[in-house]
Amino acid sequence: ETGVTQSPTHLIKTRGQQVTLRCSSQSGHNTVSWYQQALGQGPQFIFQYYREEENGRGNFPPRFSGLQFPNYSSELNVNALELDDSALYLCASSSPGRATNEQFFGPGTRLTVL
Amino acid sequence: GENVEQHPSTLSVQEGDSAVIKCTYSDSASNYFPWYKQELGKRPQLIIDIRSNVGEKKDQRIAVTLNKTAKHFSLHITETQPEDSAVYFCAARGLNTGNQFYFGTGTSLTVIP
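In the order they appear, the protein sequences are chains E and B. Sequential numbering of the first sequence, starting at -5, is according to the numbering used here. Sequential numbering of the second sequence, starting at 27, is according to the numbering used here.
Read the hints as simulated data drawn from the structure, not as lab findings. Certain hints may be false.
As the list claims (entries may be wrong) - Residues from chain E that keep clear of chain B, each with C-beta distances beyond 12 Å, as calculated:
1. LYS7
2. ARG16
3. GLY102
Said to hold, decoys possible - Subject to a maximum C-alpha distance of 20 Å in a straight line, what follows is the list of computed SDA-like cross-link-like pairs (lysine to any residue):
4. LYS63(B) with ALA81(E)
5. LYS68(B) with GLN35(E)
6. LYS63(B) with ARG16(E)
7. LYS63(B) with THR(-1)(E)
8. LYS48(B) with LYS83(B)
9. LYS68(B) with SER18(E)
10. LYS68(B) with SER1(E)
11. LYS48(B) with LYS84(B)
12. LYS84(B) with GLN35(E)
13. LYS63(B) with GLN107(B)
14. LYS84(B) with GLU96(E)
15. LYS97(B) with SER1(E)
16. LYS48(B) with GLY34(E)
17. LYS63(B) with LEU82(E)
18. LYS63(B) with LYS94(B)
19. LYS68(B) with GLY34(E)
20. LYS68(B) with ARG16(E)
21. LYS68(B) with PRO101(E)
22. LYS68(B) with ALA81(E)
23. LYS94(B) with GLN107(B)
24. LYS97(B) with GLN71(B)
25. LYS63(B) with ARG77(B)
26. LYS83(B) with LYS68(B)
Glycine residues also receive a C-beta, built at the ideal position from the N, C-alpha and C atoms.
Kindly generate the complete structure, drawing on both the sequences and the hints.
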C-alpha cells in the first residue's frame, strides 16, 4: 500500500451542497494531483498542486477548487454539487524532482450526489 | 492537451494465454507511460512503466513496448492467471501538459480458469 491517505471514504450529499475532500501525500512528495473517476471510466485529471500553487488544470468548471498546505496535504472543494459529480475522487502524490516519475494513488473518496 | 485512447475496452482470455492492451497518445512530447491495474473498489496500482528513451521493458510476466514514432504503447501479459482479472489503465505524462497524467478509458480483463 502507498502512504497516500484520503478522507472521508464515502460521502453522500444532495444537489447544491458543497463538499471538501482531503488528501495526505506520501512522505517526501510535494505534488498532489486530483482525479475524478466516474463508474466504468478512467481517471479524469482535475488539477494539480505543486508547492502550494495550482500547477495545471483539466477541463473542470471553477466550482472545483483546491488547496495545498505547507505539509503538502491537499483539499478538493466542490461547490453547487450536481448529480454528475457522483464519482470516485482520487488523489495521487508524486515528486517530479526525483528520478522516479511515479505517482501513487490514495484509496479514493466515493461521492454520491442525490 | 494530451489525448489517450485505449483498446480494447473488454478482453477475455483463457488462463495461460497472453493478453495485449494497446494505447495511443497525441502529444509527441509525452515522456512517461505508466500502466495501472485497478481491482474492483480499490485504488489504481502501478504495475509497470516506461520512459520515452526506452523501447521495451519487462517485469516477469508483464512487458510494455513503446513506439514513439507511431505514438503508441502496449501492455503484454503472458501466462495469464485468474488474479490478473481487473481493469487496466494506460496513462501518458507530457512535458507540454505540465507533467500531468492523462488516462485511457480502461480495459476490463477477464481471465477464464
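Hints, one by one, checked against the model:
| no. | hint | verdict |
| --- | --- | --- |
| 1 | LYS7 | holds, 20 Å |
| 2 | ARG16 | holds, 16 Å |
| 3 | GLY102 | violated, 6 Å |
| 4 | LYS63(B) with ALA81(E) | holds, 18 Å |
| 5 | LYS68(B) with GLN35(E) | holds, 14 Å |
| 6 | LYS63(B) with ARG16(E) | violated, 23 Å |
| 7 | LYS63(B) with THR(-1)(E) | holds, 19 Å |
| 8 | LYS48(B) with LYS83(B) | holds, 15 Å |
| 9 | LYS68(B) with SER18(E) | holds, 17 Å |
| 10 | LYS68(B) with SER1(E) | holds, 15 Å |
| 11 | LYS48(B) with LYS84(B) | holds, 16 Å |
| 12 | LYS84(B) with GLN35(E) | violated, 27 Å |
| 13 | LYS63(B) with GLN107(B) | holds, 14 Å |
| 14 | LYS84(B) with GLU96(E) | holds, 17 Å |
| 15 | LYS97(B) with SER1(E) | violated, 37 Å |
| 16 | LYS48(B) with GLY34(E) | holds, 18 Å |
| 17 | LYS63(B) with LEU82(E) | holds, 16 Å |
| 18 | LYS63(B) with LYS94(B) | violated, 23 Å |
| 19 | LYS68(B) with GLY34(E) | holds, 13 Å |
| 20 | LYS68(B) with ARG16(E) | holds, 17 Å |
| 21 | LYS68(B) with PRO101(E) | holds, 6 Å |
| 22 | LYS68(B) with ALA81(E) | holds, 13 Å |
| 23 | LYS94(B) with GLN107(B) | violated, 30 Å |
| 24 | LYS97(B) with GLN71(B) | violated, 24 Å |
| 25 | LYS63(B) with ARG77(B) | holds, 18 Å |
| 26 | LYS83(B) with LYS68(B) | violated, 26 Å |
Hints 3, 6, 12, 15, 18, 23, 24 and 26 from the list above are not met by this structure, while the remaining hints are.
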